[in-house]
Amino acid sequence: MPDVGTPILQAPPAEGSKDQHMVLNMGPQHPSTHGVLRLVLEIDGEIVVRLYPEVGYLHTGIEKTCESKFYQQVVPLTDRVDYLGPLANNLCYCLAVEKLLALEIPERAVWIRVLLTELTRINSHLIWLGTHAMDIGALTVFLYTFREREEILRIFEAVSGQRMMTSYFRIGGLAMEPPLDLFDRIQKFIKTLPEKIDEYTNLLSGNPIFRNRLMGVGHLSPEDAVALAVTGPTLRGSGVDFDIRRDMPYSSYEKFQFRVPVSNRCDCWGRYEVRLEEMRESIKIIQQALDGMPGGPVKADAPKIILPDREKMKTQMEALIHHFKIVTEGFNVPAGEVFQTIESGHGTMGYYVVSDGTAKPYRVHMRYPGFASLQALETMCQGRMLADVVAVIGSIDIVLGEIDR
Amino acid sequence: MAEAPYETIAGKQAVLEKMADHPAVKGLVASNSAALIDALFDRGELSLTVSPESIIPAVSTIKDAGYTAFEDMTAVDWLPSEPRFQLTYHILSHAFKQRVRIKAWVSENDPAIESITSVFPGANFYEREVFDLFGIRFEGHPNLRRIMMPEEWVGHPLRKDYPVEGYR
Numbered sequence: 001m002p003d004v005g006t007p008i009l010q011a012p013p014a015e016g017s018k019d020q021h022m023v024l025n026m027g028p029q030h031p032s033t034h035g036v037l038r039l040v041l042e043i044d045g046e047i048v049v050r051l052y053p054e055v056g057y058l059h060t061g062i063e064k065t066c067e068s069k070f071y072q073q074v075v076p077l078t079d080r081v082d083y084l085g086p087l088a089n090n091l092c093y094c095l096a097v098e099k100l101l102a103l104e105i106p107e108r109a110v111w112i113r114v115l116l117t118e119l120t121r122i123n124s125h126l127i128w129l130g131t132h133a134m135d136i137g138a139l140t141v142f143l144y145t146f147r148e149r150e151e152i153l154r155i156f157e158a159v160s161g162q163r164m165m166t167s168y169f170r171i172g173g174l175a176m177e178p179p180l181d182l183f184d185r186i187q188k189f190i191k192t193l194p195e196k197i198d199e200y201t202n203l204l205s206g207n208p209i210f211r212n213r214l215m216g217v218g219h220l221s222p223e224d225a226v227a228l229a230v231t232g233p234t235l236r237g238s239g240v241d242f243d244i245r246r247d248m249p250y251s252s253y254e255k256f257q258f259r260v261p262v263s264n265r266c267d268c269w270g271r272y273e274v275r276l277e278e279m280r281e282s283i284k285i286i287q288q289a290l291d292g293m294p295g296g297p298v299k300a301d302a303p304k305i306i307l308p309d310r311e312k313m314k315t316q317m318e319a320l321i322h323h324f325k326i327v328t329e330g331f332n333v334p335a336g337e338v339f340q341t342i343e344s345g346h347g348t349m350g351y352y353v354v355s356d357g358t359a360k361p362y363r364v365h366m367r368y369p370g371f372a373s374l375q376a377l378e379t380m381c382q383g384r385m386l387a388d389v390v391a392v393i394g395s396i397d398i399v400l401g402e403i404d405r
Numbered sequence: 001m002a003e004a005p006y007e008t009i010a011g012k013q014a015v016l017e018k019m020a021d022h023p024a025v026k027g028l029v030a031s032n033s034a035a036l037i038d039a040l041f042d043r044g045e046l047s048l049t050v051s052p053e054s055i056i057p058a059v060s061t062i063k064d065a066g067y068t069a070f071e072d073m074t075a076v077d078w079l080p081s082e083p084r085f086q087l088t089y090h091i092l093s094h095a096f097k098q099r100v101r102i103k104a105w106v107s108e109n110d111p112a113i114e115s116i117t118s119v120f121p122g123a124n125f126y127e128r129e130v131f132d133l134f135g136i137r138f139e140g141h142p143n144l145r146r147i148m149m150p151e152e153w154v155g156h157p158l159r160k161d162y163p164v165e166g167y168r
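Chains A and B supply the protein sequences, listed in that same order. No gaps in the numbering here: position 154 of the first sequence is 154 in this note's numbering, and each next residue is one more. No gaps in the numbering here: position 105 of the second sequence is 105 in this note's numbering, and each next residue is one more.
FYI, nobody ran anything at the bench for these hints, they're computed from the structure. There's no promise every hint is true.
Here chain A is said to cover these stretches of chain B; the calculated rule only asks that three of the stretch's residues, wherever they fall, bring their Cβ under 8 Å from a Cβ of chain A [said to hold, decoys possible]:
(1) 53-59
(2) 104-115
(3) 147-157
Below are the BS3-like pairs computed for lysine-lysine, each with C-alpha atoms no more than 30 Å apart in a straight line [claimed, not checked]:
(4) A:K325 - A:K314
(5) A:K304 - B:K97
(6) A:K69 - B:K103
(7) A:K255 - B:K160
(8) A:K360 - B:K160
(9) A:K284 - A:K325
(10) B:K26 - A:K360
(11) B:K97 - A:K325
(12) A:K69 - B:K160
(13) B:K97 - A:K284
Quick caveat: nothing in here was measured; it's all calculated off a predicted structure. Built from N, CA and C at the ideal position, the CB exists for glycine as well.
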């Protein structure tokens, strides 16, 4: 093994240095970078000596945009951040604002939120599995996972009218009561899903190429993982047993029974196992949510914050006034600051919302797991072959929309 | 609207009295209680404001107290008040299953603070982001370059005096 150079995340080598290493540019237009990630690699032959992620190609200044919108207008913006798990974004932002408002959410809305967020997690993991396998060279799995993902997207469409940019969770509850056949449809879907997951594992877990490309590759020790702020399945793949859903419950997750899969392998294979198990656990949570789904309203009783039903708005003067006020002036949120985190498909998603008492957020900061996971990329790739970089990027499951924001 | 479900404890003295058993508070008081300027327990979240000079000892103390997982950091621009920038660090403890918020204020004239990357290496990208978007320097950062905006960009977009639509 060659000398792997100075510690992580130093500056790139100066121009004209006497270094004998080659500097290789990878991306931003590279099929295995899951978007527009650019990596500057310093390589010695085929061994990675240093690696610098260059991000920002998708930077849209979404945090700045939030500051000039009303609180309720930010919800559709959050969809665009982690575009593979839209409902998780909505949930995190809504929980943060509801915490500022000290708003009680009806139980039915909370349960539907859990149900759909877990579907979102499965959606996110299916895309990860398909693209990760494709990066390694197993193209077939991609077609299989997208077949199941299609059904999830249809469910999202039925529930919100949109396949990807759902904006279904609103501050104070849900946009509207879900369609009548929704729960039957989800029930039917999750009934077949475990077989489908078996199908993927049959294709991959015993495949010698897949095993060799993942096992022992991208080693990340638990200490490094915590130090580099890595979260989610990547952290649990390194043997750290921490899941916000179980340890710091939000949105009534304490009422659900599920296991938190952890792997002590600390490599790409560990992360692969953890995510596959998480899908099966998500199915259990969805089943519990379907079985125990409470009745009642899906919006909190707060007419000054939540838009009235269309029917009421057209027939009742009071509702019309509230509607007009909310749309034109927004609603004031008590001054203060909150940091709300949830466990999204990729890891810890956090919204830091600062209010100055007006109808527009003073500051919205979004903490997304991919940004932190990228910091660990160098640690995982140092001293390994160049081709392993592709496997490692796939295994940390990044979405560039959430990194660049 | 429902009553706030959490008790609010405002002020350094009140927090020191009522939350003396909190590991982070205990650690900070034991090591350097003068560094702690203000404290607030609101909506179930504990915020500790420390002086910007003592940010490194403060976060090291918090880390020793069991808050080992750096989660997030960012800044808030409170133009036109002085000091202008509020730096916010969120640090989590896997063992206690709770987090603590550290705040420090830096002035507009010399927006600089020491980098905490020596204590929490995971703060690297976050400090670069704050440097890029707010123009706050982090002394001792290993690689303080712009991260989101292009290298040749002029200005810091998340400052409140920077127009939303940019300069044309």
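Flag every earlier hint the structure violates by its number, smallest first. When the structure is compared with the hints, numbers 1, 2, 5, 7, 9, 10, 11 turn out to be violated.
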